[in-house]
Amino acid sequence: MFGIFKPRTFFNLANTSLFWLKIILVFALITGLILALLFSPIDYLQKDTVRIMYVHVPSSWISLFIFLIIGISSFISLIFKLRVFSVYAKSLAPIGLVFSLISVVTGSLWGYPTWGTFWSWDGRLTSMFVLVLTYFLYVSLWSFIKNYNSAEKITNIIGIVGLINIPIIKFSVAWWNTLHQPASITLTAAPTIHSSMLAPLLIMFFSFCILSLIIFLIRYKYEIINFRVNKK
Amino acid sequence: MIFSKSAKNRLKIFSLIAIAATIIFFFIYNNLQKNVVYFYAPQEIKNLTNTPSNKIRLGGLVKEGSLKKNNNNYVFIITDLKNEIFVEYNGLLPNLFVEGKSAVVEGVLKDKKYFIASVILAKHDENYMPPEVANSLKKNKLGK
Amino acid sequence: MILEFLNMGGYGLYIWLSYAFAALSLISLYYVSVKKLNSIKNIEHLYQSEKVEEASVSAQSNRF
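Residue numbers (the numbering used here), protein chains in the order written: chain H, 1 to 232; chain Y, 1001 to 1144; chain G, 2001 to 2064.
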């Protein structure tokens, strides 16, 4: 039952599937970018700045989703000592860090022409800032603590504690008055984004997912070899 | 089996910590709810017992037809459709500042009906659509 | 035509900066990862030749 969690499963997958993933990525990314930059219409209020959303929103989703996986993996690793889960989390963290940074930077670049400010400490922006800091802490602890076992234990705890922030980010726009707009795409209601804008958004999200998977497989391969070497 | 004796032990300790953390979280959350307000709605200003003298933010809809311009001096009404507050502002307006849409203004309350703003932020809503769709929506609304 | 496209209705600066930042950071992340892997590739065969071991589920960890 736990066969798929053997380190080897992903290792062999990494060898065979990277090529195909790259081809899918190229096609999806080109389609997504053409739609996002050329064929999608302008927004009635934001005009062309709506195009920033096609990078901003997928990056934010992925940075949240990756932290969710890191948190759950940390929990499994800490409690059940399935140590390969720490390796998953360690391989994913830099990807999440980069996407959270992209989310914050593109968000600021969107905020200036639309809101009139690059940054404001409202609920959403503050909690997202905390996520970036948590990612920084997580990644830097892995590189600063030389002893693998203690680094693993401490980062596991960071991962679990940081998990609290995820629902805060998600629901900040519903709980508090924020400058940031509420969610347009929810599980319960129809999206409030016109379909001509939803298409590039979802395609860009798909491409970013594939890209994350590719980078994850590469990093996982590195980390699992590293883990073996450290063990000896 | 992954549920070894020590794993069960760790799980117990972890659950205890998790329960404690949840309680602390809700405690902090409730406090935040009361104290950390990014902006006040007009109704919340009305309910305040005294007029705060420090810088606060006020948010709501810019009342349609209320924006008056005099050089770089603007006066408009922020409303939550029940209460209205006059806002005076001197400076440049952000591009997305439109009547009938939301805005957040930063400044001080002169009294409960009059706000002097030093910063204006346009607030975007969750609707994204091309201009044609927005126009036809507007037409339908007017046709009713 | 091309200038019009680059200008993006006056918001070109913000849009292109956003896309450039995203592209640059993702590409560098990719290359750093590949470089890291390549630096230890010479020992990959060690891993490949070993028998499948349930290292992950091992109880050899010295924690707690």
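Keep in mind that the hints were calculated from the coordinates and are not lab data. Every residue, glycine too, gets a C-beta built ideally from N, C-alpha and C. Treat the hints with care, since some could be wrong.
[To be verified] In silico contact screen, one side only, chain G against chain H (beta carbon under 7 Å); selected entries:
hint: 1; residue: Tyr2011
hint: 2; residue: Tyr2014
hint: 3; residue: Phe2021
hint: 4; residue: Ala2022
hint: 5; residue: Leu2024
hint: 6; residue: Ile2027
hint: 7; residue: Leu2029
hint: 8; residue: Tyr2030
hint: 9; residue: Asn2038
[As the list claims (entries may be wrong)] Just so you have them, the derived chain H footprint on chain Y, three or more residues with Cβ under 8 Å:
hint: 10; stretch: 1013-1027
hint: 11; stretch: 1050-1056
hint: 12; stretch: 1067-1076
hint: 13; stretch: 1095-1109
hint: 14; stretch: 1127-1138
For this session: Could you check if Tyr2011 (chain G) really has its C-beta closer than 7 Å to a C-beta on chain H?
Result: 5 Å, holds
Exercise. How about Leu2024 (chain G): closest beta carbon in chain H under 7 Å, or not?
Worked result: Leu2024 (chain G) check fails; min Cβ-Cβ to chain H is 10 Å, beyond 7 Å.
For this session: Can you take a look at whether the stretch 1127-1138 of chain Y is actually covered by chain H? Rule is 3+ residues, C-beta closer than 8 Å.
Result: holds (count 9)
For this session: Tell me if chain H covers the stretch 1050-1056 of chain Y under the three-residue, 8 Å CB rule, please?
Result: violated (count 0)
Exercise. Are there three or more residues in the stretch 1013-1027 of chain Y whose C-beta lies closer than 8 Å to some C-beta of chain H?
Worked result: That given contact holds, which follows from 3 residues of the stretch 1013-1027 of chain Y lying within Cβ reach (below 8 Å) of chain H.
Exercise. The stretch 1095-1109 of chain Y covered by chain H? Criterion: 3 or more residues, Cβ-Cβ distance below 8 Å.
Worked result: holds (count 6)
Problem set entry | Restraint satisfaction for Asn2038 (chain G) [CB to CB of chain H, less than 7 Å] | 9 Å, violated
Exercise. Do at least three Cβ atoms from the stretch 1067-1076 of chain Y come closer than 8 Å to Cβ atoms of chain H?
Worked result: Three-residue rule not met by the stretch 1067-1076 of chain Y, so violated; n is 0.
Problem set entry | Hint check, Ala2022 (chain G) versus chain H [nearest Cβ-Cβ separation less than 7 Å] | Status holds, d = 5 Å.
Exercise. Hint check: is the beta carbon of Ile2027 (chain G) less than 7 Å from a beta carbon of chain H?
Worked result: This interface hint is violated because 10 Å lies over the 7 Å limit.
Problem set entry | Restraint satisfaction for Phe2021 (chain G) [CB to CB of chain H, less than 7 Å] | 5 Å, holds
Problem set entry | Given hint Tyr2014 (chain G) near chain H, where the shortest CB pair must fall under 7 Å | 5 Å, holds
In this structure, the hints that do not hold are numbers 5, 6, 9, 11 and 12, in rising order.
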